[in-house]
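Line by line, the protein sequences are chains A and B.
When we follow this note's numbering, the leftmost residue of the first sequence carries the number 1, and every step to the right adds one.
When we follow this note's numbering, the leftmost residue of the second sequence carries the number 1, and every step to the right adds one.
Any given hint might turn out to be false.
[Claimed, not checked] Cβ-to-Cβ under 8 angstroms is the rule here; a few derived chain A residues that face chain B:
| id | residue |
| --- | --- |
| 1 | Glu-61 |
| 2 | Gly-64 |
| 3 | Pro-77 |
| 4 | Met-103 |
| 5 | Leu-194 |
| 6 | Gly-353 |
| 7 | Gly-357 |
To be clear, the hints were calculated from the coordinates, so they are not data collected in a lab.
We put the CB at the ideal spot given by N, CA and C, even for glycine.
Number of protein chains: 2
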Amino acid sequence: MRRVAIIGTGMTTFGEHWDRGFRDLVIEAGAKAIQDANLQGNEIEAGYVGTMASGRLVGQEHIGALIADYMGLNPIPITRVEGACASGGLALRQGFMAVASGMHDIVVVGGIEKMTDLGVEEVSDILGGAGDQEWELFLGATFPGLYAFMARRHMFEYKTTEEMMASVAVKNHKNGAKNKFAQFQKEISIETVLKSKVIADPLKVFDCSPITDGAAAVVLAPVELAKKYCENPIEIIASGQASDAIALHSRESLSKLRATEVAAKKAFEMAKLSPKNVDFAEVHDCFTIAEIMAVEDLGFFKKGEGGRATLDGKTALDGEIPINTSGGLKACGHPVGATGVKQVVEVTWQLQGRAEGRQVKDAEIGLTHNVGGSGATAVVHIMKRV
Amino acid sequence: MRRVAIIGTGMTTFGEHWDRGFRDLVIEAGAKAIQDANLQGNEIEAGYVGTMASGRLVGQEHIGALIADYMGLNPIPITRVEGACASGGLALRQGFMAVASGMHDIVVVGGIEKMTDLGVEEVSDILGGAGDQEWELFLGATFPGLYAFMARRHMFEYKTTEEMMASVAVKNHKNGAKNKFAQFQKEISIETVLKSKVIADPLKVFDCSPITDGAAAVVLAPVELAKKYCENPIEIIASGQASDAIALHSRESLSKLRATEVAAKKAFEMAKLSPKNVDFAEVHDCFTIAEIMAVEDLGFFKKGEGGRATLDGKTALDGEIPINTSGGLKACGHPVGATGVKQVVEVTWQLQGRAEGRQVKDAEIGLTHNVGGSGATAVVHIMKRV
């Protein structure tokens, strides 16, 4: 396989873009990434885009062709990839393989979701399509409910507390406050979280990521061409993806995500690295308990110690291993198809020293971790400077 | 890039499966393909699945994980790919790249659509998501209407007649009558077509492909491993994909599909072949006019001569270049996400001499052509015996 690097990045602000459509958002992110890579449009050979539910959210499928058209990139192939909230990470993985295989040189990868055109109940129902429609959603389960099961089990097995979960939100809001692209740029306290409205006990509204509009994009190239376009390209040194049972009731454990463990194992093997080599990471904190499980299942902390580690500041911007410097899904926002690509944009900016007020010092190796549904898909990428 | 071969194939019957669900169909096709490849489940490293609109048709997204789960293939990665009616062909292309890149050895590729759980009007609306939602569907256009525009223009420019279009349907029903997997296994006459109900003038109901449930799957492996599993593997020697404007009003011509031309050009370049080297093909005949444009735009006949060639029997089973030996979308049926994979199953069976009553004699090179929407995506694959 050829080595693959990121040579350009771009994203919209994440938030409620009531005055803008799906097409506007994806064009902005894509155009910024192409400009950042100093490319002419005719140098681009192919594209991938991650979006979860454009059919139900905006009445539009065939997203690849739509984007090729509206970005003025015809006749190049653009392909939509879907893996629920992991759609963006999976799109990156396909773009990676397209370049690694030698099929294409310059490939754009985008992620997009336009979620606020419908009411919250309808959007919740649509997001439910990421779980087992027949055995979970049809019977009334919602995503906060599914993650609440996992939170309760984690609390039971490892003495994780609501305060520890709240500390994830507090940290991520603190990081989000330093990110001008974030949906929430305001710090909060542990008390704010604990006193907020209960959504699915023990998860309160501040334990949950929001509904968000947004798009993000990166441009990929073979490492040998990367310096032609970019002074400081970032290499994707590993890609791992795995699946687990789609419904919680079929899983071996409720307090860990097996797909995360397997995807991380594959990625670390490919990179010939271990978790201790990772300097910082963007992980999938759709709920605060999800970040606690992620930092354990990725191997950054022993199983059961993720909550304590967060409360103790080990994952803060100046901690042992900064987690979710962008603000994460929790504070930066979670346009589901865009999230996996935004994570890669953030890690790229950190490694390029472009993370402004939230720059991690001396970071060499960054990791992204993107999850679909309640954990049935996980995809992990590891990046370093070329 | 590594050379890639098909080592197993499987499909469900195409038709109205009112007693079976999405999951049942995909499991049947996948299990048949895996069995055909003489594989154990644990030898499979990854999967891709093409499905257009599972979110709206069956309330389920996150299809990759769902299939990994229900096929008992966890924790391998399975990724959904969407490109409207070209979803199956795009899934094959991703599987091809996954093997070609060296990322995976054994990869299963499936295509699936379960369409008959909803009423015809709702399904038409959902299929409309393959066009430009804002500028075509929202204003009342349906797919028969869009292809009717193309038919009228083709008739105007090239003197194509309704009888020529009808001859496509007659031929494909004749082939479908020899295919036990086909939705329609009954021959029809030119008169049947011409006297059938007008859907969108000049297209009548027998000019249109049906609404169908079905699934198809193939197993891919590097050529150097293929003979370990399969006596007569079929190599994918080329893959080409291209895009065009999603809405008809933005295209340079209404009487050809530019995406087909570009995808074919790329595929022929990759295979170092020309259209005259192709012995038979499965092309995207969602409407009879679509097959006429396809055989022209792929280079099998001069522009404007596709209708006459069909009427003259040049594309019949015993003609110069047999087209749609399976019965095509028209008679075999069109479960949109499955179609692109079914085309590859048919070409594989023909090249392996397994096409029973519809076997093309001495065929060496076969081609598949899968289109999304009204032509905004096209993907072409070329195959031969290893």
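So, against the hints stated earlier in the document, which numbers end up violated here?
5, 6, 7
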